[in-house]
Amino acid sequence: QSGLIVSGGLDLAVAHYKGEGGGSRTQLISGGNQNSRLNIRGREDLGGGWYAGFELEAGIAADTGAGLASNTNNQVSGIVPAGSGNVPSLTFNRRSIVGIGGEWGELRLGRDYVPSFWPIYLYDPFRTGVGFGGITILGTTVTNLRASNSIGYFTPGCDAVCKGPFAQLMYALGENGSGSAAPDDGRVAGLRLGYGAPTWEVSIARSKTTSAAVADFTQTSGGGFLETKWARLMLLVGENRTGRPVAPLNNGTRAPFWQLGALVYLPVGYVPVAYTRVTRNDPDSSSASKISFGYVYPLSKRTAVYTTYARIANKNALAIPVNVGADSGPTPEAGRGASGWDVGLRLTF
Amino acid sequence: QSGLIVSGGLDLAVAHYKGEGGGSRTQLISGGNQNSRLNIRGREDLGGGWYAGFELEAGIAADTGAGLASNTNNQVSGIVPAGSGNVPSLTFNRRSIVGIGGEWGELRLGRDYVPSFWPIYLYDPFRTGVGFGGITILGTTVTNLRASNSIGYFTPGCDAVCKGPFAQLMYALGENGSGSAAPDDGRVAGLRLGYGAPTWEVSIARSKTTSAAVADFTQTSGGGFLETKWARLMLLVGENRTGRPVAPLNNGTRAPFWQLGALVYLPVGYVPVAYTRVTRNDPDSSSASKISFGYVYPLSKRTAVYTTYARIANKNALAIPVNVGADSGPTPEAGRGASGWDVGLRLTF
Amino acid sequence: QSGLIVSGGLDLAVAHYKGEGGGSRTQLISGGNQNSRLNIRGREDLGGGWYAGFELEAGIAADTGAGLASNTNNQVSGIVPAGSGNVPSLTFNRRSIVGIGGEWGELRLGRDYVPSFWPIYLYDPFRTGVGFGGITILGTTVTNLRASNSIGYFTPGCDAVCKGPFAQLMYALGENGSGSAAPDDGRVAGLRLGYGAPTWEVSIARSKTTSAAVADFTQTSGGGFLETKWARLMLLVGENRTGRPVAPLNNGTRAPFWQLGALVYLPVGYVPVAYTRVTRNDPDSSSASKISFGYVYPLSKRTAVYTTYARIANKNALAIPVNVGADSGPTPEAGRGASGWDVGLRLTF
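Chains as they are written, first to last, in my numbering: chain A, 1 to 349; chain B, 350 to 698; chain C, 699 to 1047.
Possibly wrong hints are sitting among the right ones.
[Claimed, not checked] EDC-like cross-link-like pairs, simulated, lysine to aspartate or glutamate; straight-line CA separation at most 16 Å:
no., chain 1, residue 1, chain 2, residue 2
1, A, LYS301, B, GLU369
2, B, LYS650, C, ASP743
3, B, LYS512, B, GLU452
It should be emphasised that the hints constitute simulated quantities derived from the structure, not laboratory data.
Given the structure is predicted, the values throughout are model-derived calculations rather than measurements.
Whenever a hint applies, use it, and build me the whole structure from the sequences.
What follows is the structure in structure tokens.
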């Protein structure tokens, strides 16, 4: 045994959601400001600049102690747990990787974030919860955050945050047999390219998931940030695309979005703020705009209290609630608005 | 990372159960003397008397390595895992909380014990297993031990064991939407009040769960203990109440109970002993009496071997087995007796 | 808290499988060379040569972060998770034991390996993955590796590897009630006897599982190894037997097997190699032969890269793929061959 590190973070908030025409809901949510998780990792120096390492990270629904959903084959059939009423137990759904690296970069195997996830995460001042910027990324595919059975390459020193010119490649397997109806279902191929300077970063990424159901799903994202004395300014642009019109998307195939955001530094704490705009090429030319702002007050380096408010205005056929997933609150009627706020406590350990 | 503590306890016993008219069963049971669990917790000093902390605790079915059932919304629909034949995997079903505290007390969010659980636990010499005193608390609700989505307040220094005058408040959310059939289902409100002296404690508690199925469930409990040189003497009284007659309870609505118990200290080890009496206001005026005793022999501060025996006499429509849950052994015929013994090893780490 | 140890191992490989007449499949597999797992254990010195200890070990599907299947009652009804499409979450499926020991040996309770597992593991140069020697042990029962609800005895100092004359006994409970249709279903009784010298070991073991479905399942295994300067030579023999003809086994009742294997030491790394032969007393007198070889190159004491190749030739009614379980690749047509290779990275922590 050597150098095993156990760490994590927990975040719980009281949240209230309203979806016009859909009612309201008061909830305890896990992850109003950061996602709750338990992490186990380690790294071994192999000499000559080489190293080996691993990381296991389990998502935690801290409001109930349960786990979070995962997917084993990058296809709808691989959702964990099966059955719509089932609540997930603990798995290392967030990350399960082993890797080997050196001056040439790092080769990685397992379940990891897809390349096009990182700009959506890094250039969003909220990243999760009520203010979350990636409002259209969910509901369309099981690979917009992570992929199982992946082989990855990263340029040296690169993971989430990278310095200098950098690249991330991913190729993930759906693991269907050669004789199955859709042998390549669940295959993911992705690339992220960027440049990280001390006070700014730019990057662009694309991940394509082979999917018989939607004639392939392509997630594109990019943007950057600029660190100034009084704020971190962020731009995020992207598009989710299916290869054929899909009924749940009102027969749209493309949903481009952009977001302007910032972390505005105050004498104590900071104010995250963002404006997000998404359009969809469905027959109704639907669109939505979201404005989010909050305040994060640090109690220490590792602990903070926070509050967030967001409001989304849907137009035509869109009916996006203010948050995503199980914590999204009531879905508004199509073309109507939704709003929400939270007050929470986050800590890391 | 700072001050992360991993601890826990494991307890396994060979147990034999008999339910008159229902047969017998020999089992390996997890938790004859204490519940098997894995705990991760941490606490950070924030200065000025303030602190932040967290606790995650997973129940373990140590006889099989599986997890234990949980509930995500304090309603029958939130039982984890769904499906009667399913065996649970690991979750932090026992506790999942973050909290912030100071001289004013502690505010806590997450899944935690309901206030009315603590007297049932603290004033029972057995607490779990064959001798368990809270024989009527299970089977009627999903919130008699813990509630998810809870907001809690504790007076300073108070958790399970508290000193001086103390109070615990809990308000937990069922998280149904405003437009659902029963918007408040799963809402829990509870209060515990007491006084803890160096050698004695008294407390009383009540937790009320909003439930459309039974027109609300109310669990009341109270009692105290007195520590003497030769024994810890305990009194536990309480009542489980539904708002309307319920068929599984033979159309009863109230089941008051009381228990006299003691830990009798021997030169080596101690003898837990208890007499429990429960009545139910069903048309048959059913009742049950249980006598339990055992012996716990310490091998070290952290490790002990133990044995327990208990026998319950049911009258009229009651058919309570000698233990609860998956380890209860065969259910006797209504009005008949049940008995059981175990021999086990418990350790903490 | 004292002496809690967290350790484990992760192993991921890219594997390609082919089953003649069944197609091919490329996969990321967890455990090409060793099984991925997370282990928590501890041991307490009780004085006078006595000790108490525990071990919890969770299997990890490192390619997806999910858990691995378990079984709670040593019967088909106890498979975790229930439902064929369900993917398991984390449990301590590999081991969940508490024990107490002294000069007289060790008594152990919980979920543990059956005695007849150990020769199959210890005398196989591959133990898991493409080259795995125990090709016929799976698919017939749920107790060929481990049993839940077990009571075990080991001679002093014995666990997997033992020194001098040694013995392991196991008795495990199915936990059915006395009035059920098959009260003894899932009961396991097993014994392992052997002698471990500094450079060689011999042992023989048998585990019998009471099973109404197959009129009891008996797993017998034995063999030994001899450590020389240039290789560890291994012999494994065994038999799986059912008490009555079973349709999934083409109405066979006995499948004896033998394997010659070796770890051949090179100046750097080693070459595992094995030849395995299994026959089955079905009406077609089916049989299969497998040849496996690989190379393991150490990057450090704890980390290695490896590659494996194996090919199996089935005759008559047998249709064994080259690996077992979820990572077995396509099943060939009866009487035809299958092959596979992998390239992977394993590390321990």
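Hints that the structure is at odds with (numbers, increasing): 1
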